[in-house]
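These protein sequence lines are chains A and B, in that order. Just so you know, we're using my numbering here: the first sequence kicks off at 259 and counts up by one. Just so you know, we're using my numbering here: the second sequence kicks off at 259 and counts up by one.
One or more of the hints may lead you astray.
Since the list can't tell identical chains apart, any single copy or any two copies may satisfy a pair.
Calculated lysine-lysine pairs in the DSBU-like style (CA-CA distance at most 35 Å, straight line) [unchecked claim]: (1) K284 <-> K264; (2) K282 <-> K306; (3) K477 <-> K405; (4) K382 <-> K331; (5) K374 <-> K306; (6) K338 <-> K444; (7) K338 <-> K477; (8) K331 <-> K477; (9) K382 <-> K338; (10) K306 <-> K338; (11) K306 <-> K264; (12) K264 <-> K338; (13) K374 <-> K477; (14) K444 <-> K331.
In short, the hints are calculated from the structure, not lab data.
Chain by chain, the residues:
Protein chains: 2
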Amino acid sequence: MRKQKKGCDVPDATILRLPLYLEKLKLLQAIGVEDVSSRQLAESLDIKASQLRHDFHYFGGFSRPGRPYQVAKLVPALEKIIGIAEPVHSIIVGAGHLGQALANYQNLDVQGFPIKGIFDVNPKLIGLDFRGAVVQDMDEMEAVIDKEAVKIAILTVPAVHAQAVTDRLVAAGIVGIFNFAPMDLKVPANVAVRNERMAVGIMSLSFKVKCILQNSEEKEEAEDL
Amino acid sequence: MRKQKKGCDVPDATILRLPLYLEKLKLLQAIGVEDVSSRQLAESLDIKASQLRHDFHYFGGFSRPGRPYQVAKLVPALEKIIGIAEPVHSIIVGAGHLGQALANYQNLDVQGFPIKGIFDVNPKLIGLDFRGAVVQDMDEMEAVIDKEAVKIAILTVPAVHAQAVTDRLVAAGIVGIFNFAPMDLKVPANVAVRNERMAVGIMSLSFKVKCILQNSEEKEEAEDL
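Extracted from the complex, chain A is given alone in its bound form (with noise of 0.2 Å):
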């Protein structure tokens, strides 16, 4: 019998694929696709079926060995294990470009984290309306936490006042935090933190660029000879 387990004590890099197996089960279940097997659903995603396997077995497997995955229970199935089965209210904190870059960002939204409100310190930012959250001052975030069940802040603040801003989120019940300010924040183990470092991402876009301006100076050489 497959035991149950409890679907928390999982690898980073499992976490961090489950987004991409929900995303291309929606758009199948988008185009009317019923079943789809590991092998199929792991090609489409160009990762190994062992390895979506091995994901999967984390959260009980969800078909028996040897048949494909219905889509319509696969997809509800993984909005659970997310954590996306209901709204997740989040907030932003920090109403600069980026902050309103991402108050604008309606996928945010669709995804499942509707934004309950904004904050700054900047008497020019407040008031202005995003989609229909209005920037407020500061002090209101508290209450805002509070009234609304806020679970994660999008913190969009500089990084001189990131630790903080963490710590009054921290205080008012924030128990998740998505960390645009280049450090690492201090927090209790209550609380995750999601660090989106966008050089990351760019220099491993650089590396392989070198790679291919490299490859294309020794073709070049190889045919002068």
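Got chain A; can you put chain B on it based on the hints?
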């Protein structure tokens, strides 16, 4: 004797760790640390020393076994490997909120990716100045790519236009695309794409938030018993 590897046939997971190593080493350099062992460096990044050594091995290892790394040598070595020993000329295509946020993100410049142009089709955005880079009509894009030897394009256009713009960028000689549109781009084999999926980041956070809340509910129930 240590064989120099070509240094490009490297797994993605390793490539993504290189900027983290570099960031940590630059911090150490800034506070005057001259030598660091693989174990110290790995611990400071919460990864296994064996993983770090395995990563470095793709590039020749950097030190004799048992000897620490010299920070002042490792920083430029890693910058060269990552491809940022020289600035990598970049452009931003799409001057909406996210494009503007990136245009104002000084860190891009500091990290080695100076913005040589910003482009849009919206007349209300054309002419806006972001730290010296003025938004130009997209008609000017190819000429700027050529004149400034631009290698990387940061793509912040709506998904519906992303592929068409990508085709123009590839034809103009762009070799790397940092893609913020939530879709997979089709490019030739000698063009690199990095998809920046904020949804993946925030969903990995919601997974952990769900587990944290689950744990605290179970604790409360246990205490009630």
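Practice problem: Just pull the numbers of the violated hints for me, sorted ascending. | Solution: The structure breaks hints 4, 5 and 9; every other hint is satisfied.
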